[in-house]
Structures are given as C-alpha cells and as structure tokens.
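From first to last, the protein sequence lines are chains L and C. Last residue of the first sequence? That's 300 in the working numbering, and every number before it is there in order. Last residue of the second sequence? That's 327 in the working numbering, and every number before it is there in order.
Rather than coming from a laboratory, the hints here were simulated on the basis of the structure. Virtual Cβ for every residue (Gly too), placed ideally from N, Cα, C. Careful, some of the hints might be misleading.
As the list claims (entries may be wrong) - Partial pick of chain C residues on the chain L-facing surface, computed with a CB cut under 8 angstroms:
#  : residue
1  : Val33
2  : Asp35
3  : Val37
4  : Ile54
5  : Val103
6  : Ile107
7  : Ala122
8  : Met125
9  : Ser129
10 : Gly248
11 : Ile251
12 : Phe252
13 : Leu255
14 : Ile292
15 : Val294
16 : Ala298
What the hints assert, rightly or not - Simulated coverage check for chain L against chain C, where a stretch passes if three residues somewhere in it have a Cβ under 8 angstroms from a Cβ of chain C:
#  : stretch
17 : 113–126
18 : 282–292
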Amino acid sequence: MNPQELFECVTSLSCIVTQTSTGLIVGALLFLVAAGLTLIFGVLGVINFAHGSLYMLGAYMGLTAYRVFDSYFLAVIMAGLGVAIFSVLFERLFMRRVYNADVLMQLLVCYAFILILDDVVKLVWGAEFQSMGMPETFQLPPLFIGGGIVPVFYLVLMGVAALIAVVLWYVLKHTRTGKVVRAAAHNPTMTSALGLNTQLIYAGVFACGGLLAGMAGALAAPVRSMSPGMGFSILIESFIVTVIGGMGSVSGALVGALVIGMVRSFGSIGFPDFVEGLMFVAMVLILVLRPGGLMGRKHS
Amino acid sequence: MNNTGTLSKEVGIALVAILILAAIPLLTPSRLVTDFVIRLAAFGVFATSLNILIGYGGMVSFGHAMFFGGGAYAFGLLMQKAGVSIPLALLGAMVFCALLALVVGAICVRLKEIYFSFLTLAFAMLLYSIIQSWMSLTGGDQGLMGGIPRPVFMGIDLSNGQHLYWFACFLAVVCLLLMRLLMQSPFGYTLRMVRDNPERARFLGVDVWRTRLYAFVLAGAFAGVAGSIMALFVSAAYPEFAYWTMSGEAIFMILLGGLHVYIGPVVGAALLMMFNDVITRYTDLHGLALGIIVLIFALGFKRGITDFLLRFLRPASKKKETTQVTS
Numbered sequence: 001m002n003p004q005e006l007f008e009c010v011t012s013l014s015c016i017v018t019q020t021s022t023g024l025i026v027g028a029l030l031f032l033v034a035a036g037l038t039l040i041f042g043v044l045g046v047i048n049f050a051h052g053s054l055y056m057l058g059a060y061m062g063l064t065a066y067r068v069f070d071s072y073f074l075a076v077i078m079a080g081l082g083v084a085i086f087s088v089l090f091e092r093l094f095m096r097r098v099y100n101a102d103v104l105m106q107l108l109v110c111y112a113f114i115l116i117l118d119d120v121v122k123l124v125w126g127a128e129f130q131s132m133g134m135p136e137t138f139q140l141p142p143l144f145i146g147g148g149i150v151p152v153f154y155l156v157l158m159g160v161a162a163l164i165a166v167v168l169w170y171v172l173k174h175t176r177t178g179k180v181v182r183a184a185a186h187n188p189t190m191t192s193a194l195g196l197n198t199q200l201i202y203a204g205v206f207a208c209g210g211l212l213a214g215m216a217g218a219l220a221a222p223v224r225s226m227s228p229g230m231g232f233s234i235l236i237e238s239f240i241v242t243v244i245g246g247m248g249s250v251s252g253a254l255v256g257a258l259v260i261g262m263v264r265s266f267g268s269i270g271f272p273d274f275v276e277g278l279m280f281v282a283m284v285l286i287l288v289l290r291p292g293g294l295m296g297r298k299h300s
Numbered sequence: 001m002n003n004t005g006t007l008s009k010e011v012g013i014a015l016v017a018i019l020i021l022a023a024i025p026l027l028t029p030s031r032l033v034t035d036f037v038i039r040l041a042a043f044g045v046f047a048t049s050l051n052i053l054i055g056y057g058g059m060v061s062f063g064h065a066m067f068f069g070g071g072a073y074a075f076g077l078l079m080q081k082a083g084v085s086i087p088l089a090l091l092g093a094m095v096f097c098a099l100l101a102l103v104v105g106a107i108c109v110r111l112k113e114i115y116f117s118f119l120t121l122a123f124a125m126l127l128y129s130i131i132q133s134w135m136s137l138t139g140g141d142q143g144l145m146g147g148i149p150r151p152v153f154m155g156i157d158l159s160n161g162q163h164l165y166w167f168a169c170f171l172a173v174v175c176l177l178l179m180r181l182l183m184q185s186p187f188g189y190t191l192r193m194v195r196d197n198p199e200r201a202r203f204l205g206v207d208v209w210r211t212r213l214y215a216f217v218l219a220g221a222f223a224g225v226a227g228s229i230m231a232l233f234v235s236a237a238y239p240e241f242a243y244w245t246m247s248g249e250a251i252f253m254i255l256l257g258g259l260h261v262y263i264g265p266v267v268g269a270a271l272l273m274m275f276n277d278v279i280t281r282y283t284d285l286h287g288l289a290l291g292i293i294v295l296i297f298a299l300g301f302k303r304g305i306t307d308f309l310l311r312f313l314r315p316a317s318k319k320k321e322t323t324q325v326t327s
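The shape of chain L in the complex, shown without the other chains (with noise of 0.2 angstroms):
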C-alpha cells in the first residue's frame, strides 16, 4: 500500500501517459470479452459463466497458429473463427438444453466446461506458463509522448479493439441483423412468431461472443503470459466490467472496461498488492449508487 507514490504519479505528466496507455490496453481487451458476455446475456438471458475460457482458448489457438504460420494477422482471425465454432457446437450440444432451466443448471454446466477445458489446455499445451513473444512486425522503438512511453503495439491493439467496437456499433444499430438481434433480445416469442429462426440468433450471437472472446485472447498474447486457469481471471474482470457499465448493454461494456482498466493501471502504482480488490470494491460502490449500472436499463 503505497497512496503516496499515486499522487506523486497523478501529478506528473510522463507517469499519466504511461498508466493511461496501459489503462487502456487492459480496458480494450477487457471490452471485447465483456461485450461478448454482455451480448449473450442480453439476447439470452444467460451468463456464459464459461466464457473466459473461450478466451483462453483463443490465445492458446493463436499461439498454436502463430507458430505454424509464423503470421500474427492470421493467428488472430483463426482464434477467432476457431473460437467461434467451438462456442456455436457449446450452444448447440449443451447450452441450449438449460435455457429454460435453473440458474443452478446453467452455471453448474458452464462450471463443468471451466473445469474441463482447463484440463484440456493442460494436456494439448501444458501446465506451465507459455508466452507468445512480440511479433517481429511490431518489434519497433516505443513512442514517447509527453515523457511517458507507449510501446507501438498498444497503439495498433487500441486501434483494433477500436475498430471492433465501432463495426459491432454499426451492425446492432444499423443493419437488419442488428434489428432482428435486438427484437430477438427483446421478445423472443413474438420474433418466433414472425417467423424469424430464433435457434439461428440464438447460435449466431453465441458465435458472435466466441468470436470476440477468441480475438480478444490471441491479441493479448504478445503482452499476457498465457496459463491453464486465466479463463477464470478473465471471466470475473468482465463479469465486473459487465456489471458496472449495465448487464446486456455493449457501450455499457466499453464504459466498464474503460474504468476498470484505469482502476487497474493506477492502483497497481498506490495498492499494488490489492489490484484486485480494487476492482470489486469499484464494483461494490457503482453497484450501491446504481445498482441498474452506469449504463443500464432501471428494470433489470
């Protein structure tokens, strides 16, 4: 615990930039997982407690892409895709079962696919920690702004994490997929019985969060080291962020993400033992003034 070298960062400019830079990568990844998990609670109605573990499928998939191909570009869209098939066969085979059941039974099969999925990526990959490395593309002098250093591939990750946001933006807003998704999320029976195929939504969005969660993990692996168990690290990060910013809302995610990665960035300087507290205790007081989140819906 040390507030004193906080404030002493919060009153230079270089400490600012560098924290608010690594803010802002914590809080781009978290957003691209939490918007999965946000989506598909939103459409329907379930938390995929197993959804950190599609995150951390897709780093150990890029990873494994990554060496085979020798591309980054590549081993990102493949984590991706992979990801995604691996969660529409999840929906498909087990989700889709417990819709209509318990609480108990939802958490109680995605508990079962945490525990099993680690175990898999134990026996593919190993138990240790593994690390991807930076890309050589990337491998480039650090940027200074202000006093403050910004490594390249920051950059490139905010742009991309950015760029994800803004087309998930447009296709929810703006397109007919978007429309049908939304009427899906806000009234299942009567979509159904304008003929629409829920079960195809249903698969479709869980794809959609699979996607997200397995790009989100191979773009983190040049930064994070990778372990069996980071799933769950992941999955109550963007639990909280989910929270924070509103269940079922997606610029309620990138408003959670963000605050939780400067939380993150800035405690690590003052509290650096009880990051994690942090968390939940921003958590706890957002929750209290606003237990609907920041950007939620009062109702829910």
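Chain L is already provided as a structure; the job is to place chain C on it using the hints.
Quick look at chain C alone, frame taken from chain L:
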C-alpha cells in the same frame, strides 16, 4: 403443524446419528474411515448451510466459500493470535461470519437470480484476494501455517484423534439439527414462501429483503462452523478454502445429493468426496473427470440422488405430502 412432535422426532434422529457415528471407530480401526467422516462433517455442514439459500431460499449463491474460508481463518487466528479456548473461537468464527454475511447480504439479497450469483462470487473473490495479500496476518499463499493450538477444554483433548473425531461428529450433528429446526420453524416456511412467490409474500406483509437477509446470515454463520471444523482437522487454513471452486463444489454436492431432501447435501458431499478420492488416485486430470460427471448430472439426471430415490420409494399418493414436508 405439530411442533413438539417434530422436535422430539428430529432430536431423536440426531441422537441416533451421534450414536452410530460414535460406534464407527469401534467397528473399524482404519484412520481412512474416521478422517473421511471428519471431512464429511465439515463439507456436509457447509453444503447444508448453502442449501438454506439454494433449496429453501431460491438464491443461488456462488460465493458461499467466503464463509467457509472466513470461518476457517477467523477460528485459526483466534486460536493462534488470541489464544482463546476452542468453544470461544468457534463462537467467534460464527459471529465473524454472521457479521460478514450481514454486510455482504445487505447488498446482495435484493438482486435477482444471476446478479445475486455473480455478486456473491465477486465478494468471495474479494475476500480471497484480501487473504492472499494480507501476508502479515494470514500468511498469504502459504496459508495459516504453524498449526492451530488445541488446548484441552471440558476434558476434551482435540490433539487426540479419537476426541477430534467425536467432537467433529457432535458439532456437525448439532449444526444439522439446528438448521433442520430453523427450516421447520415458521421462519423456514416464510423463506419457502418468499422463494416460491415473493410478490405474494410481500402482499401478505412479509419483509422479503429481511427474510432473505436472515437466511443469508444464518447460512453464513453455519458455513463458518464448517470452516472451523476443517481448520481443526488440517490444523491450518488455506486461501483455497475461500476460492470460487470451493463454492462450485458445494453447489455440485447439493445437486448430486438432491436439494429437496434435507439430508441430500450431506449425501452429495459424501458422494463427491468419494468421487474425488477415486479420481485423484487414478488420474491427474481431476477437472476433466469431475467436469464430465457434473455434465452428466446437470444434463442427464437433472435431480439429485435422494430426490431420485425418493421418487422410486414413495408411492404416488404420498408424493404430495413429501413435497410439502421436505421442499
């Protein structure tokens, strides 16, 4: 309802249970069996306390491990640092967990289903991160080591394996009896009403928030005793006690044993412990095997063993009565 009748019946069953448990070490000298029963005492009470929330209250808490871990640490720290007697430390652990549950519950119980599940989970992980980072008090990752002293009280010497076994059994049966009586009391029936139809309960003048909160506090306090039993048994406390997988296993114990029969969670705890013991003997892939078993139960049976048996054993005409009495 015949209250005195149920009371003497429940107490009778508890006495018989104590006698049977007390006789087990006389029948078999194996440490394996007595150790299993002591662990079962801890997990049985833990799962049953969670079932107050899930089975009776309809609140799927995914953070109940915070009270198991919290109780274990409170008990261990009271014994190690304050050097109090064992009954006082037990009481202290219960009070600590009840207060913790009061604070956490006050925030959580007004939330619906999945929000409740995840918020309790988040609080449990907060406690877990506090335990991990407060090195000077809790020993961090290493756990509360150095052994928990076991001073003799009322002629009971818990460093003696035999005494520890009897004490754990006695404590567990008393806790199970108390929880049973509470669930058969008017409070228990109010809780069921709140679970089944909160709107109607509110309409009838029940304070829904308060009923749920009391259940949360009770469940937390009893989970604290369960954690204390575990701390006594392993003579330490570990951060894993408060980790989320502990909550997950407790929920699975309930599902495995059945959530509509009072003793179901205890049966489930015994079954899961046996699964675990067998699985770890044959494979390192403990999660994979357990995950598949969880899937089979969640998607295949959709109900626990005791519910399943009950359906076979009881004739159809009595079914209505059993749901009234037990659910």
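Here's how the hints hold up against the structure:
1. At a threshold of 8 angstroms, the smallest CB-CB gap from C:Val33 to chain L is about 28 angstroms, leaving the interface hint violated.
2. Look at C:Asp35: its Cβ only gets to about 25 angstroms from chain L, farther than 8 angstroms, so that hint breaks.
3. Because the closest C-beta pair between C:Val37 and chain L is about 27 angstroms apart, greater than 8 angstroms, the hint is violated.
4. Evaluation of the C:Ile54 hint against chain L yields a held restraint, the C-beta minimum of about 7 angstroms falling below 8 angstroms.
5. The interface hint given for C:Val103 is broken, as the beta carbon of that residue sits about 10 angstroms from the closest beta carbon of chain L, more than 8 angstroms.
6. Annotation: C:Ile107 was flagged as interfacial toward chain L, and the flag holds, the nearest CB pair being 7 angstroms apart, inside 8 angstroms.
7. Annotation: C:Ala122 was flagged as interfacial toward chain L, and the flag holds, the nearest CB pair being 5 angstroms apart, inside 8 angstroms.
8. Against a cut-off of 8 angstroms between C-beta atoms, the interface hint on C:Met125 holds, since the closest Cβ of chain L lies about 6 angstroms away.
9. Hint status for C:Ser129: holds, given a least beta-carbon distance of 4 angstroms to chain L, under 8 angstroms.
10. For C:Gly248, the interface hint holds, since its Cβ comes within 8 angstroms of a Cβ in chain L; the closest pair sits about 5 angstroms apart.
11. With its C-beta approaching chain L no nearer than about 7 angstroms, C:Ile251 sits inside the 8 angstroms limit, and its interface hint holds.
12. A cut of 8 angstroms between beta carbons decides the hint on C:Phe252: the least distance to chain L is about 7 angstroms, and the hint holds.
13. The criterion of a C-beta within 8 angstroms of any C-beta in chain L is met by C:Leu255, whose closest approach is roughly 6 angstroms, and the hint holds.
14. Evaluation of the C:Ile292 hint against chain L yields a held restraint, the C-beta minimum of about 7 angstroms falling below 8 angstroms.
15. Checking C:Val294 against chain L by beta carbon gives a least distance of about 4 angstroms; that is within 8 angstroms, so the hint holds.
16. At about 4 angstroms, the closest approach between the beta carbon of C:Ala298 and any beta carbon in chain L falls short of 8 angstroms, and the interface hint on this residue holds.
17. Using a Cβ-Cβ cut-off of 8 angstroms, 9 residues of the stretch 113–126 of chain L lie near chain C, which meets the minimum of three, so the contact claim holds.
18. Using a Cβ-Cβ cut-off of 8 angstroms, 5 residues of the stretch 282–292 of chain L lie near chain C, which meets the minimum of three, so the contact claim holds.
In this structure, the earlier hints numbered 1, 2, 3 and 5 are contradicted, and the remaining ones agree with it.
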